[in-house]
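Protein sequence lines correspond, in order, to chains A and B. Here the first sequence is numbered in the numbering used here, starting from 4 and rising by one per residue. Here the second sequence is numbered in the numbering used here, starting from 4 and rising by one per residue.
Wrong hints could be hidden among the right ones.
If several chains are the same, the list does not tell them apart, and a pair holds so long as it fits within one copy or across any two.
Here are the simulated BS3-like pairs of lysine-lysine, each with C-alpha atoms no more than 27 Å apart in a straight line [stated by the list, open to error]:
id: 1; residue 1: K437; residue 2: K352
id: 2; residue 1: K220; residue 2: K232
id: 3; residue 1: K58; residue 2: K352
id: 4; residue 1: K396; residue 2: K225
id: 5; residue 1: K466; residue 2: K232
id: 6; residue 1: K225; residue 2: K437
id: 7; residue 1: K462; residue 2: K352
id: 8; residue 1: K242; residue 2: K220
id: 9; residue 1: K242; residue 2: K232
Just so you know, the hints here were simulated from the structure itself, not pulled from any lab data.
Protein chains: 2
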Amino acid sequence: MSNPEIGAKRLPSLGDMPADEFRRHGHELIDWIADYFEHIDDLPVLAQIQPGDLKAQLPTSPPQTGESMDAIIADIDRLIVPALTHWSHPSFFAYFATSTSAPGIFGELLSAAFDAKSMLWRTSPASTELEEVVLDWLRQMIGLDAGMSGIIYDTASVSSMHAIAAARERVEMRIREEGMSGRRDLPLLRVYASEQAHSSIDKGIITLGLGQRALRKIPTDKDFRMHVKALAAAIEEDKRAGFLPFCIVATVGTTSTSSIDPVPEIILISEEHALWLHVDAAYAGSAAVVPELRHVLDGCHRADSLVMNPHKWLFTPFDLSVLYCRHMDLLRRAFSLVPEYLRTPEQDKVRSGSDYGVQLGRRFRALKLWMIIRYFGHEGLAARIREHVRLAKLFASWVEESRDWAVMAPAPLALVCFRACPQLKNESEEASEKRLDALNEAIMHGLNATGKALLSHTKLNDKIVLRLSIGNIRTTEAHVRQVWDLLNEQLRYLHRPSEK
Amino acid sequence: MSNPEIGAKRLPSLGDMPADEFRRHGHELIDWIADYFEHIDDLPVLAQIQPGDLKAQLPTSPPQTGESMDAIIADIDRLIVPALTHWSHPSFFAYFATSTSAPGIFGELLSAAFDAKSMLWRTSPASTELEEVVLDWLRQMIGLDAGMSGIIYDTASVSSMHAIAAARERVEMRIREEGMSGRRDLPLLRVYASEQAHSSIDKGIITLGLGQRALRKIPTDKDFRMHVKALAAAIEEDKRAGFLPFCIVATVGTTSTSSIDPVPEIILISEEHALWLHVDAAYAGSAAVVPELRHVLDGCHRADSLVMNPHKWLFTPFDLSVLYCRHMDLLRRAFSLVPEYLRTPEQDKVRSGSDYGVQLGRRFRALKLWMIIRYFGHEGLAARIREHVRLAKLFASWVEESRDWAVMAPAPLALVCFRACPQLKNESEEASEKRLDALNEAIMHGLNATGKALLSHTKLNDKIVLRLSIGNIRTTEAHVRQVWDLLNEQLRYLHRPSEK
Chain A
4 MSNPEIGAKR LPSLGDMPAD EFRRHGHELI DWIADYFEHI DDLPVLAQIQ
54 PGDLKAQLPT SPPQTGESMD AIIADIDRLI VPALTHWSHP SFFAYFATST
104 SAPGIFGELL SAAFDAKSML WRTSPASTEL EEVVLDWLRQ MIGLDAGMSG
154 IIYDTASVSS MHAIAAARER VEMRIREEGM SGRRDLPLLR VYASEQAHSS
204 IDKGIITLGL GQRALRKIPT DKDFRMHVKA LAAAIEEDKR AGFLPFCIVA
254 TVGTTSTSSI DPVPEIILIS EEHALWLHVD AAYAGSAAVV PELRHVLDGC
304 HRADSLVMNP HKWLFTPFDL SVLYCRHMDL LRRAFSLVPE YLRTPEQDKV
354 RSGSDYGVQL GRRFRALKLW MIIRYFGHEG LAARIREHVR LAKLFASWVE
404 ESRDWAVMAP APLALVCFRA CPQLKNESEE ASEKRLDALN EAIMHGLNAT
454 GKALLSHTKL NDKIVLRLSI GNIRTTEAHV RQVWDLLNEQ LRYLHRPSEK
Chain B
4 MSNPEIGAKR LPSLGDMPAD EFRRHGHELI DWIADYFEHI DDLPVLAQIQ
54 PGDLKAQLPT SPPQTGESMD AIIADIDRLI VPALTHWSHP SFFAYFATST
104 SAPGIFGELL SAAFDAKSML WRTSPASTEL EEVVLDWLRQ MIGLDAGMSG
154 IIYDTASVSS MHAIAAARER VEMRIREEGM SGRRDLPLLR VYASEQAHSS
204 IDKGIITLGL GQRALRKIPT DKDFRMHVKA LAAAIEEDKR AGFLPFCIVA
254 TVGTTSTSSI DPVPEIILIS EEHALWLHVD AAYAGSAAVV PELRHVLDGC
304 HRADSLVMNP HKWLFTPFDL SVLYCRHMDL LRRAFSLVPE YLRTPEQDKV
354 RSGSDYGVQL GRRFRALKLW MIIRYFGHEG LAARIREHVR LAKLFASWVE
404 ESRDWAVMAP APLALVCFRA CPQLKNESEE ASEKRLDALN EAIMHGLNAT
454 GKALLSHTKL NDKIVLRLSI GNIRTTEAHV RQVWDLLNEQ LRYLHRPSEK
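Pulled out of the complex, with its shape left as it was, chain A reads as follows (with noise of 0.2 Å):
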């Protein structure tokens, strides 16, 4: 059946923007962002505004009428570029560094176009089925083994929060029908993790009901690994008081200073008292993608789920962060609920990825990383991060070699975790910690300030730590060169011992 009116009868006024409108102005962007990498070392990584600058600049309500492209674009320009911390500059080493890629871009671009929502298979076998094959190429890249499936979410924090309801509902407590208030035959449920492990445990915790009690911490070693007899006599003692252990989170890649637990050993005590253990691998997961960094996820081929993230340290835009479970039954058990609305013909044929967590709608986040996969190919997405290694070990020699500066803890992967530490004669250490703390926080911010490089700091054994981190694709020798050149810079600036 063919109908011509369709295409003709568009208003003027309706719409969306005119076909050549959208070739212009998309051509002036792929250019404005080409622009933006080939000049972004010019550009401060910190926003150098003040809160409330650019909403000062804002019209405090919205335009009744339209306006052109040109104007929006002048003011991303004008407003919005000054605004930003750039997380794609290659000085960028907080938190953790991460890293948008061309292909990633390209990914993001096409999936807005077609603006899927998988919620079903057929509303997108597409990215239903491109997920399943895409997840289970990077399985194999990271040397999982074939027991586990992946789902992707948008976080890490809503991967664990998944995994840690999976484990709720193995329990068997009947907790997804009849919840947990109101209710005399729960025993109270325990999670453990490191004190080192990451707050999106706690918050995963805390959203699902279980409370911050429920959440014992376990003390960690010098090298901030979980300790593991610590682990057994804490299970040990939950279960004679009454409590109900169901789950241990092991952490490979811990966010203040990349440590990794020994997975191997907890798994055994996870085995013995029945526990489901999860492995938040969000930032380290990605460097098994190396051959020789495969180790990093020694044990986890026992683990009951693990989390890591792709929009981490695999190039690929946030978000993207994918779940392996090997219980994926339990998963779609805690949270699939059909309603008639959505069935369809072949539900009990096809994966759906809405069975499997609290989001219904799910953005085609597979289509961008399948794209990264290809283009860089394994070998690719290896080199770099091995590169990004190597920089960060590069850097700790400098650090290891230099009187004034002091490396303060393992950096296993592309992590360094360091501060300065000039000495002054007759301190007491309590005076000098103190004076530590403050240098290295003094460092920081003058730093940061410069915009010339940005990086975040921690807390280990209660001293002030800063943090230089990794993992943008463009980050060079030379720009790890010359963070060094200005802590050196920063430190001549503020500690002046004759002064004093």
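Using the hints, position chain B against chain A.
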């Protein structure tokens, strides 16, 4: 400090795609998308593949070395497009028809390049402040009072879950700290929603550990609106039983029929019992952008929270859901957690998005919404929504005028529930219902299989009912006329009483 080395020392085998290649392929993809939209009417709406077809065409392991963008783009044409159900197609009338738009696509393109994680003010002042401003614009556009602040999440499921979590926090039973398991002081907590409420409310409640029995479903009237008297009676009954009612979810625009719960009456009950009133206006909230439809939000000026989805009916690429909330302090109390590594000097003076939710990292979603509101203007957006409502009413009038079809629910907005109901002589009511259910399912599947349009269904009063939802920016009267012709063609083909 200048550093002439930077930019010069990148190894050719590392780094991102070279700039000239980025420009070339970027321009190519912009034209690809322009062509896609220009010829989208020629594509089948529903993917014409069988489960497993795409998977079977993809390699089972990742490429070792990188491939060219040319090869990848060729595979998008060859493999991905045929496996897509085209949500951007103007004859997509299923579920809630939605649509992306050019300024929204541009916003996503830029966001992917900036790759900002707006967890703290400092990590992305632009997204933090733009989000506040744009959500205040949107608040004004839909006529909500200034007591409501907005925050962006990914989906309505997540928005509603957060609203119910804030309500849970307000019961002052230390659930964040102590959780709900192993407690004898916690009565059964209860939430109320109509039988027509979206499944995301059930899922949110399950996730939060409240359990399905915590959700009491209130019957609806003949127009599928919550029975207010039944709500009041349920709350009274639960209180007498010693339960703790704490939240009511009213729906403005239910998924099955777009019915609108009587919020002005429900608010009186929520106030009488001091319950949190959350309004799920994920679909219909956008209608309030049209001045003469603003009444859909009547009563919401006293609600505690309200979710609306610009990605549903405001031409915003998926995902972008907005939660408006009158008690941001409670939302913050339910979710804020600031570990040392996220502490910043300005944290007490600014808003940090991650304080208000499960997710730590948050995409720069405000950018696309800002670009859309500016490009179309309030009047332009209202004109498009108004046209969709006009088209739906036109379609409903055709259905009403036809002897063989019937409208099955009021159609206040741009969703029409209808079914074929040709009568046969001497048929029992039971036989007739069975026949009509089968006939309507067959019409839907027959129509969808043509690829010329896509409808979905629901069940109302135990009858299979078809749903036609109009929400795509490219949908014109010709598309609506075409689907009506196609429906009648299916009916003529499937209903041949003379042959029976």
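Taking the hints in turn, this is what the structure says about them:
1. Taking the shortest alpha-carbon separations for K437 and K352, only the inter-copy value of 26 Å comes in at or below 27 Å, while the best intra-copy value is 63 Å.
2. Taking the shortest alpha-carbon separations for K220 and K232, only the intra-copy value of 13 Å comes in at or below 27 Å, while the best inter-copy value is 48 Å.
3. Proximity of K58 and K352 under a CA criterion of 27 Å is satisfied inter-copy only: 14 Å between copies versus 51 Å inside one chain copy.
4. For the identical chains of this complex, K396 and K225 are intra-copy neighbours only, at 20 Å inside a copy versus 70 Å across copies, given an alpha-carbon limit of 27 Å.
5. In this assembly of identical chains, K466 and K232 lie within 27 Å of each other by CA distance solely inside one copy; the values are 26 Å within and 61 Å between copies.
6. In this homomeric assembly, K225 and K437 come within 27 Å of each other (Cα to Cα) only inside a single copy, at 21 Å, whereas the closest approach across copies is 71 Å.
7. Taking the shortest alpha-carbon separations for K462 and K352, only the inter-copy value of 22 Å comes in at or below 27 Å, while the best intra-copy value is 51 Å.
8. Proximity of K242 and K220 under a CA criterion of 27 Å is satisfied intra-copy only: 16 Å inside one chain copy versus 38 Å between copies.
9. Taking CA atoms no more than 27 Å apart as the test, K242 paired with K232 passes inside one copy only; the shortest distance there is 15 Å, against 48 Å between copies.
Taken one by one, the earlier hints all hold for this structure without exception.
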